[in-house]
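4 protein chains.
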Amino acid sequence: MIYKRKVQFYETDAQGIVHHSNYPRYFEEARGYYLEKLGYPYDKVRKDLKTDIVLLELIIEYKKPLYFGDSFEIKFGISEMDKFFFSFEYTVIKNSSIIATGKTKHACLNRNTGKIISIPDILRSKLHGT
Amino acid sequence: MIYKRKVQFYETDAQGIVHHSNYPRYFEEARGYYLEKLGYPYDKVRKDLKTDIVLLELIIEYKKPLYFGDSFEIKFGISEMDKFFFSFEYTVIKNSSIIATGKTKHACLNRNTGKIISIPDILRSKLHGT
Amino acid sequence: MIYKRKVQFYETDAQGIVHHSNYPRYFEEARGYYLEKLGYPYDKVRKDLKTDIVLLELIIEYKKPLYFGDSFEIKFGISEMDKFFFSFEYTVIKNSSIIATGKTKHACLNRNTGKIISIPDILRSKLHGT
Amino acid sequence: MIYKRKVQFYETDAQGIVHHSNYPRYFEEARGYYLEKLGYPYDKVRKDLKTDIVLLELIIEYKKPLYFGDSFEIKFGISEMDKFFFSFEYTVIKNSSIIATGKTKHACLNRNTGKIISIPDILRSKLHGT
Numbered sequence: 583m584i585y586k587r588k589v590q591f592y593e594t595d596a597q598g599i600v601h602h603s604n605y606p607r608y609f610e611e612a613r614g615y616y617l618e619k620l621g622y623p624y625d626k627v628r629k630d631l632k633t634d635i636v637l638l639e640l641i642i643e644y645k646k647p648l649y650f651g652d653s654f655e656i657k658f659g660i661s662e663m664d665k666f667f668f669s670f671e672y673t674v675i676k677n678s679s680i681i682a683t684g685k686t687k688h689a690c691l692n693r694n695t696g697k698i699i700s701i702p703d704i705l706r707s708k709l710h711g712t
Numbered sequence: 583m584i585y586k587r588k589v590q591f592y593e594t595d596a597q598g599i600v601h602h603s604n605y606p607r608y609f610e611e612a613r614g615y616y617l618e619k620l621g622y623p624y625d626k627v628r629k630d631l632k633t634d635i636v637l638l639e640l641i642i643e644y645k646k647p648l649y650f651g652d653s654f655e656i657k658f659g660i661s662e663m664d665k666f667f668f669s670f671e672y673t674v675i676k677n678s679s680i681i682a683t684g685k686t687k688h689a690c691l692n693r694n695t696g697k698i699i700s701i702p703d704i705l706r707s708k709l710h711g712t
Numbered sequence: 583m584i585y586k587r588k589v590q591f592y593e594t595d596a597q598g599i600v601h602h603s604n605y606p607r608y609f610e611e612a613r614g615y616y617l618e619k620l621g622y623p624y625d626k627v628r629k630d631l632k633t634d635i636v637l638l639e640l641i642i643e644y645k646k647p648l649y650f651g652d653s654f655e656i657k658f659g660i661s662e663m664d665k666f667f668f669s670f671e672y673t674v675i676k677n678s679s680i681i682a683t684g685k686t687k688h689a690c691l692n693r694n695t696g697k698i699i700s701i702p703d704i705l706r707s708k709l710h711g712t
Numbered sequence: 583m584i585y586k587r588k589v590q591f592y593e594t595d596a597q598g599i600v601h602h603s604n605y606p607r608y609f610e611e612a613r614g615y616y617l618e619k620l621g622y623p624y625d626k627v628r629k630d631l632k633t634d635i636v637l638l639e640l641i642i643e644y645k646k647p648l649y650f651g652d653s654f655e656i657k658f659g660i661s662e663m664d665k666f667f668f669s670f671e672y673t674v675i676k677n678s679s680i681i682a683t684g685k686t687k688h689a690c691l692n693r694n695t696g697k698i699i700s701i702p703d704i705l706r707s708k709l710h711g712t
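Residue numbers (our numbering), protein chains in the order written: chain E, 583 to 712; chain C, 583 to 712; chain H, 583 to 712; chain G, 583 to 712.
The hints are simulated quantities; they were obtained by calculation from the structure and are not laboratory data. Note that the structure is predicted; figures quoted are calculated from it, not measured. Some hints here could point you the wrong way.
Put simply, identical chains are the same to the list, so a pair is met inside one copy or across any two.
The list that follows gives simulated cross-link-like pairs (lysine-lysine, BS3-like), each with its CA atoms no further than 27 Å apart [stated by the list, open to error]:
1. K619 <-> K665
2. K645 <-> K687
3. K687 <-> K646
4. K685 <-> K646
5. K697 <-> K626
6. K632 <-> K697
7. K586 <-> K665
8. K632 <-> K687
9. K676 <-> K657
10. K629 <-> K708
11. K626 <-> K687
12. K708 <-> K665
13. K632 <-> K676
14. K676 <-> K665
15. K629 <-> K697
16. K645 <-> K665
17. K708 <-> K626
18. K708 <-> K619
19. K588 <-> K657
20. K646 <-> K665
21. K646 <-> K632
22. K665 <-> K588
23. K632 <-> K588
24. K645 <-> K632
For reference, chain E alone in the conformation it holds in the complex:
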């Protein structure tokens, strides 16, 4: 899937580039877009399934900077999924040039108990369909 975005001024730092701490936020936006496109947006996951999706691992390789005003896209999708865990992989691209790559690993939590649960079936089947 592809998620498109522009750099906001408040995301830049005194090096004149996007601060690295925004990339995990861009990835989160992409995942939110993903769930929305599946017809099961994350706010619905949280309300209907009483499930939080948490981040367990984050890996980012920064290859080139993004600047204020840049338009970029994130190509991404699910790379792994088992009973409890699923991972996304991301490539941040600007003008056909790779800006960064990343990977995130997630689990689902029961919002009442705070315990990790197996991925709810309805969410799993949605994720599988992609």
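Given the coordinates of chain E, assemble chains C, H and G onto it according to the supplied hints.
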């Protein structure tokens, strides 16, 4: 009261200065420090009194920039308080020079109902003592 | 003009609502959108005119919260402009309900000297046209 | 080295925990503290050596959440260094319990050319001394 702070790199923007959206965060830090010094930290307010403190109004005048590495202080205190509302005023100072001034107005919410409540007595008496 | 936006998860706080420090960022996004629609995006202002637009004053009244997943719009436009200064006013709206109102006052800086300059003619004429 | 910190309210999200995008910021704070303790703060590196330190890789494993009001510490230090690159490793600890571990890989850039340079001798000798 005085709250001291250093500028972090991730708070700067491509103009090379602290992005304006960090000042409300600095004020929040100052208020947190304030409640802590009163012996009634905000996490205790939230847990014991089931009370959220919310922001109703924010005013900031930006006079001079802050740069990465700057040390600054916030002189601040309660400027108004009635049954339901209380306000803080802030002066951000670097090397005896005024960087910014600000004001915030707050109310207390019952965390279960989400409704505004009169300022809890214990919190009021703490705030009055200052 | 109207700028549309969805709340991102990373913009929420432990009260379950959008943290107040995101509203100045939403306003900045709206202004960026505005300059883009005028055909004079802010990155061009910075590069071609060697001009930074800085924030001098910020006022926000928070009336109702925004939650994760909310879609909202910002109705906004220029409310004042003289030789040196210009102001925007904003109304944040969700489902016809006013969430917040705001005002920001700005000046232009020469990026080399860091001094306030009169609003560059080309920028002024663009802003006037709206 | 150990860097101590408290969780700020604006760092929490609607799950009631510190949003994962703050950990890279905590690591940056720790590195800033580190350079300061070496007697060569990063703003001096940037001004005197005309050198930016950039992030090339980021790895974080999130094991337990941090909550508003938590006090935590980051145990960290340089784990690798060659002519061009150096890495830090971090352990985030609360009450003797490991909250997260992380690693960052860095290079130095000439601020005028934007090109990667070998680690400046003075910076290298400082980093080696630790």
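Hints, verified against the model:
1. K619 <-> K665: So K619 and K665 pass the 27 Å test inside one copy only (23 Å; across, 46 Å).
2. K645 <-> K687: both (21 Å within a copy, 12 Å between copies)
3. K687 <-> K646: Classified as both: same-chain Cα gap 24 Å, cross-chain 14 Å, threshold 27 Å.
4. K685 <-> K646: both (17 Å within a copy, 19 Å between copies)
5. K697 <-> K626: both (19 Å within a copy, 24 Å between copies)
6. K632 <-> K697: both (12 Å within a copy, 24 Å between copies)
7. K586 <-> K665: neither (30 Å within a copy, 37 Å between copies)
8. K632 <-> K687: Within. Shortest intra-copy distance 20 Å satisfies the 27 Å Cα cut-off; inter-copy 34 Å does not.
9. K676 <-> K657: Close inside one copy (11 Å), not across copies (31 Å); limit 27 Å.
10. K629 <-> K708: Answer is within: at 17 Å inside a copy they meet the 27 Å cutoff, but 37 Å across does not.
11. K626 <-> K687: within (21 Å within a copy, 33 Å between copies)
12. K708 <-> K665: within (14 Å within a copy, 48 Å between copies)
13. K632 <-> K676: between (37 Å within a copy, 25 Å between copies)
14. K676 <-> K665: neither (35 Å within a copy, 30 Å between copies)
15. K629 <-> K697: both (17 Å within a copy, 21 Å between copies)
16. K645 <-> K665: between (33 Å within a copy, 19 Å between copies)
17. K708 <-> K626: within (13 Å within a copy, 41 Å between copies)
18. K708 <-> K619: Classified as within: same-chain Cα gap 10 Å, cross-chain 37 Å, threshold 27 Å.
19. K588 <-> K657: both (15 Å within a copy, 21 Å between copies)
20. K646 <-> K665: Intra 36 Å, inter 20 Å, cutoff 27 Å: inter-copy only.
21. K646 <-> K632: between (39 Å within a copy, 20 Å between copies)
22. K665 <-> K588: neither (35 Å within a copy, 31 Å between copies)
23. K632 <-> K588: The answer is between: 21 Å across copies meets 27 Å, while 32 Å in one copy does not.
24. K645 <-> K632: The answer is between: 21 Å across copies meets 27 Å, while 38 Å in one copy does not.
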